Amino acid sequence: MTLQIIDNATCTFCGCVCDDIQLHHDEVRIHEAKKACVLGTAWFLNHTAEKKYPDALIDGKEATVEEAIQTAATLLHEADMPLVYGMSNTTCEAQKECVAMADQLGGLLDSHTSL
Amino acid sequence: MLRITGGKIYDPANGIDGHVRDICINDRGKIVDSVDGGRTINASGMIIFPGGVDVHTHVAGGAMNFARAMTPEDHRRTQAFIRTQSRRSGLGGMAPTTFATGYLYAGMGFTTVNEAAVPVLSARHTHEELADIPIVDKATLTLMANNEIMLDQMEAGEYERAKNVVAWYIWAAKSYGVKAVNPGGVAAWKWGSDAKQMTDSIDGYNSLTPGKIVTMLATICDDLGLPHPMHLHCNNLGAPGNISTTLDTLKHLEGHRAHIAHSQYHAYGGDDWDTMCSATAQLAEYFNTHPNITTDAGAVLFGDTVTITADGPWQHLLYKLTGRKWGNLDVENETGCGIVPYTYRPSNLVNAVQWASGLELMLLIKNPWQVFLSTDHPNGGCFWRYPEIIQLLMCADFRNECIAKLPDKIKGRITLPEIDREYTLYEVATSMSAGPARALGLTQKGNLGVGCDADIVIYEEEDDVARMFSHPRYVIKAGEVVIEDGEIRETPEGREFLVKPSYAPETDEFMRPRFEDCYTMSFENYPVEIERIENPNMQECINANED
Amino acid sequence: MTCTLGEVKQRADFIVYWGGNPAECHPRHFTKYTIMQKSKFLPRGRKDRTMVLVDIRETKSAKAADIFMQVKPGKDFELITILRALIKHQHVGDDQIAETGVTREMLDDLVQRMKSCKFGCFFFGMGLSMTRGKHMNSAALLTLAAEMNAFTKFVAMPMRGHGNVTGADVIMRWQTGYPFGITFNRGYPRYNPGEFSTVDVLVRGDCDAAFIIGADPGATMPQPAIDHLKRIPTICLDPHITHTSKLARVHITTAAQGISAPGTAYRMDELPLPLKPALKSPYPTDEDVVRRINKAISEKPFWLPEGSQPQMITAQV
Amino acid sequence: MTINLHLKQAPSVPLEAEVLSPNVMAELSNSEIRALVVYHGKRQVPLEEFFDVDGERSYELIIHGELNKVRLIGRAMSRGTVTVHGSVGMHLGALMTGGRIEVHGDASDWIGAEMKNGFIHVHGNAGGQIGAAYRGALAGMKNGTIIVDGSAGLEVGMRMRRGTIILGGPAKDFTGLQMKGGTIILQSGAEIRTGAWMNRGTIISMKPLQMMPTFAYASDFNPTFTNVYAKQLKPHGIDLPFAGSDGTYQRFAGDLSVPGKGEILVWQPA
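Keeping their order, the protein sequence lines are chains A, B, C and D.
When you read off a place in the first sequence, starting at 1, and then add 955, the result is the number in our numbering.
When you read off a place in the second sequence, starting at 1, and then add 10, the result is the number in our numbering.
When you read off a place in the third sequence, starting at 1, and then add 164, the result is the number in our numbering.
When you read off a place in the fourth sequence, starting at 1, and then add 199, the result is the number in our numbering.
Think of the hints as simulated: they come from the structure by calculation, not from any bench.
All values derive from a computational prediction rather than experimental measurement.
We put the CB at the ideal spot given by N, CA and C, even for glycine.
Treat each hint with caution, since some may be false.
Capping the alpha-carbon separation at 25 Å, the derived lysine to any residue pairs in SDA-like fashion look like this [to be verified]:
| hint | chain 1 | residue 1 | chain 2 | residue 2 |
| --- | --- | --- | --- | --- |
| 1 | C | 394 | A | 994 |
| 2 | C | 196 | A | 1008 |
| 3 | C | 279 | C | 294 |
| 4 | C | 444 | A | 994 |
| 5 | C | 196 | B | 533 |
| 6 | B | 415 | B | 355 |
Here are the in silico distance ranges between beta carbons for each label pair [stated by the list, open to error]:
| hint | chain 1 | residue 1 | chain 2 | residue 2 | range |
| --- | --- | --- | --- | --- | --- |
| 7 | B | 40 | A | 1007 | 51 to 59 Å |
| 8 | D | 265 | B | 355 | 55 to 63 Å |
| 9 | C | 259 | D | 418 | 47 to 55 Å |
| 10 | D | 251 | C | 295 | 46 to 54 Å |
| 11 | B | 94 | D | 434 | 34 to 42 Å |
Isolated chain A (complex conformation) (with noise of 0.2 Å):
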């Protein structure tokens, strides 16, 4: 089986956001993190491409995704005081639209900082 491979991958498991891994996949799991430390291996190849979830629940039932973000949009709509919080592991760009969600809002904005 040939891998495919990625150069110059960025590992965000943690605060040092290491960019010199070469990753080896098969475009479902990947196999192969070189230069990444333990941490970081375990982190890529406990990941896979694979639909291990569903893609939605409300109340523990499983929906399409449209139909959460609606139930999503409706509930913080309603609330007098909604909380925007985490923002961890994820992407400056979904980072940017949690703000713009918090500020959309009128509501309470914080990272795991605070913590």
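Based on these hints, arrange chains B, C and D on the given structure of chain A.
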């Protein structure tokens, strides 16, 4: 489409000094000869300027963002921009948030800003912030004078290689030109020392001096044909008697184009803090006889601000002088910067000299095409206080009232009381728009001629100059009315100006090993991807050698 | 007083890790950024550098250190404060020093080394910032680093833990002026850690809905906080079904950042790096989902009534 | 004539009510008071949605109910009185410049933060950051008096410049952190790091304290100013010992790390 009728136009780029004329704008945001239909703004009795251009400011990037974190107490007392259905919230003040930066600049009629200090490694971050500054168009300058890979080539006498390295960095950083800060000095500061004179040797190098760096870098900028010449922050900023360093630096620039940043901070006489005085007359005389050099005032306004510059040594000095909180941020192999909250007080003799010096330069340099409005935001004062400077330039009586409030000991240290020049509206328009646009090589800015960008500010004429310039009646950006009657109407995205100077194709391979030696990120991940720039606008390099 | 890791790699001849265990928590920190690297200025690499580890127990990182100082648990703040006094030649009693678990000789040696190095750097970990005293412990080390600049070049930098928490910090600062602990309830950002920070908000029951992304408070927070998340509508985005997903009203599965979602992440020294996902996820990205939720919210009536201007809470009266 | 306010329903999220201040209500009619805007989370609602209001046009406010989610009461007030029968939320009397606040119940964090003058008395327990500076600000309370009969939280009197804070119960960590002046009296002592990084000012403790290592023992004495304080505090029901026959004060100077000229006095009964 838009038509503006009946206004008095001040358009120095076309020699128009207060003539009444109509301006027409097409749907692509350009000024044209005529339009059919669309809105008409009746500007009778009003004054029309090209949109303001800030040639030297600090509004985005690692250092500014550090300053934001250091000043929560200022955020609490400052102007807040309340969220609306379509507009993001923000905070003004000494270190405004990105959204507020756009609102505040546009709110006083500025439509183009030049972020004057971007370390290459911070470039990706800076561009992300700039994308979040709405309304205004932006350009960035890459910090270069302390870059170790470039300095090594200069030390070795490899001019062509050094030139390729500079060009490579400009494109990697997706910037518009070169900023040189305290050449050789920041590299030394990283060891806790400083390079003060042009002939000092630099720690870690044998033959390289600040003077050699200045000359070589100016030559490189000229040879690369950058639309904006080398933008230089001279050595020895803020120190009494530094006029000699500044004049010496200028001598190293003979025959080159250059822009000297915030020259107020480089125009002091005296031997120490007790004898410090203004030496602006000497510096202005140099400018008056050397049209190849432009500058911006870097004026100081009394009040609170936060100082933030890539000049680490100066910042540490300020910290020692004031005992206020201090932040310093060093970026690998390229530059460093420091951050100190500071209050300029009229009762402080040093501050009083600084205040007078900025104004003196603007008044003593005869040609307004050579000296531009700036406070080196946020160092000398916040950019949203520019209208206060305009008032000081236009009204000698007001200026004299302010001088009267300075301590008696100021006598003999400044020349401001002897100056009676008052700026005309035409000169103001030159200094805040047409001049800086020309110095930046942005021909479509600061110009109300046909084919130019329809960035226009319309003021209701009134006697209170500061009020008039801080409350434009309309601000038009790329043909769109963004401010009307003091309200923000639209917040369109701005563009970013870039240049791609040519460099030898083998520069990549030359850089790679050196890069991997010094830096901690992958060579491939270092250049900013063009896709990350919001609305990039490529500007052509010029062949300066043919002039 | 901070810098990028490249500065440390190039120049730092004196490195102190305080309350962190890089050997196990940031395994490549030594080799890639700090003590093992050779540079133009430190050509002999490890031999040209001194490394000190300060921690409450002898972790694996101690093996790599030239000097290991074992501080008594909960005495970091006191120890750093003593150092602040010693660098200024203030006299601190032997008994007082002994209470922190170290000796005067060790501190005199440390101070001498700190003052005589060319470029010093403190890295501080969660052993410092998450123990009793919290932000004041970090503030103590930052202050010590600032004061050391009277003698030589010195910087301090946190060893940020999880993934892209630095990115969140940086982005919140430029968009709102504050790094965390923010409210927009008056239509503009206000800041007060302790009042608007999540654990406090949840424990007091101050919010009536929660949107959780890239974190699993259901697994890590104190029980009263988790109980409140169960009481209110909670929405959770994560590549896995987490503890938080299980207590949430809405869970949406998203692509994992850097594995199958593209974008940017900030390194602990605030340098942004591009992500290069290897896999194609069957799930949408966080960015895409949050944007779509924002759009759905924007189509509903805006919460501030037309023409209403909330009163600002200003610092000046 | 007073204005009586009764909380009629507990807010589900914090209710920001800086309008609960004599300065705001003194000139208003009953209906105007009822229409004042308060912030339930982000929602702007009239005061009457949460409070029954009796009375009008008065500088004397009496508030009844469990107000622990009601924040900013008496913020920036300059005169008059606020009396609360029940508990209150954060920022009670923050930035006030005059007047009196009395709480017959517990209070939360940031009582009298950055206050310039006035008097606050909490009969129950209080939270942290009493009389403190908000994040980033150089100075906390600049004058006035805060009395808490019960316990207090972290960072009491952080960066305070003048004024007096008196605690009946114990305080948590960092009491008098970075203090620049003024006086803190601890009748039941404090946990750890009392006076850390203090520059000037005085902390008086009736109970032994765990001292920071950067404080130096200076002397045993009975300063005359304790005598003066004792007289001032007597009317508030607080007994500050001063007589040499009852004991002495151990004086510690610090914080050496600043280096500061603050002092901590610890009472040693005879």
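Structure-based check of each hint:
1. Between residue 394(C) and residue 994(A), the direct Cα distance comes to roughly 32 Å. Violation of the 25 Å bound is thereby established for this hinted pair.
2. Straight-line distance between C-alpha atoms of residue 196(C) and residue 1008(A) comes to about 36 Å, which puts the hinted pair past the 25 Å bound.
3. As the CA atoms of residue 279(C) and residue 294(C) are separated by approximately 28 Å, the hinted pair breaks the 25 Å bound.
4. Proposed proximity of residue 444(C) and residue 994(A) is supported: the alpha carbons are some 22 Å apart, at most 25 Å.
5. Distance check on the hinted pair: residue 196(C) and residue 533(B) sit about 14 Å apart at the alpha-carbon level, within 25 Å; holds.
6. For the given pair, residue 415(B) sits about 11 Å from residue 355(B) by alpha-carbon distance, which is consistent with the 25 Å threshold.
7. The given range of 51 to 59 Å is respected by residue 40(B) and residue 1007(A), whose C-beta atoms sit roughly 54 Å from each other.
8. As the Cβ distance of residue 265(D) to residue 355(B) is approximately 49 Å, the hint placing it in 55 to 63 Å is violated.
9. Take residue 259(C) and residue 418(D): their Cβ atoms lie about 18 Å apart, and the range 47 to 55 Å is violated.
10. Range check, residue 251(D) to residue 295(C): about 47 Å between beta-carbon atoms, so the 46 to 54 Å window is met.
11. In this structure the supplied range 34 to 42 Å is violated for residue 94(B) paired with residue 434(D), their Cβ-Cβ distance being about 53 Å.
Hint compliance for this structure: hints 1, 2, 3, 8, 9, 11 are broken, all remaining hints hold.
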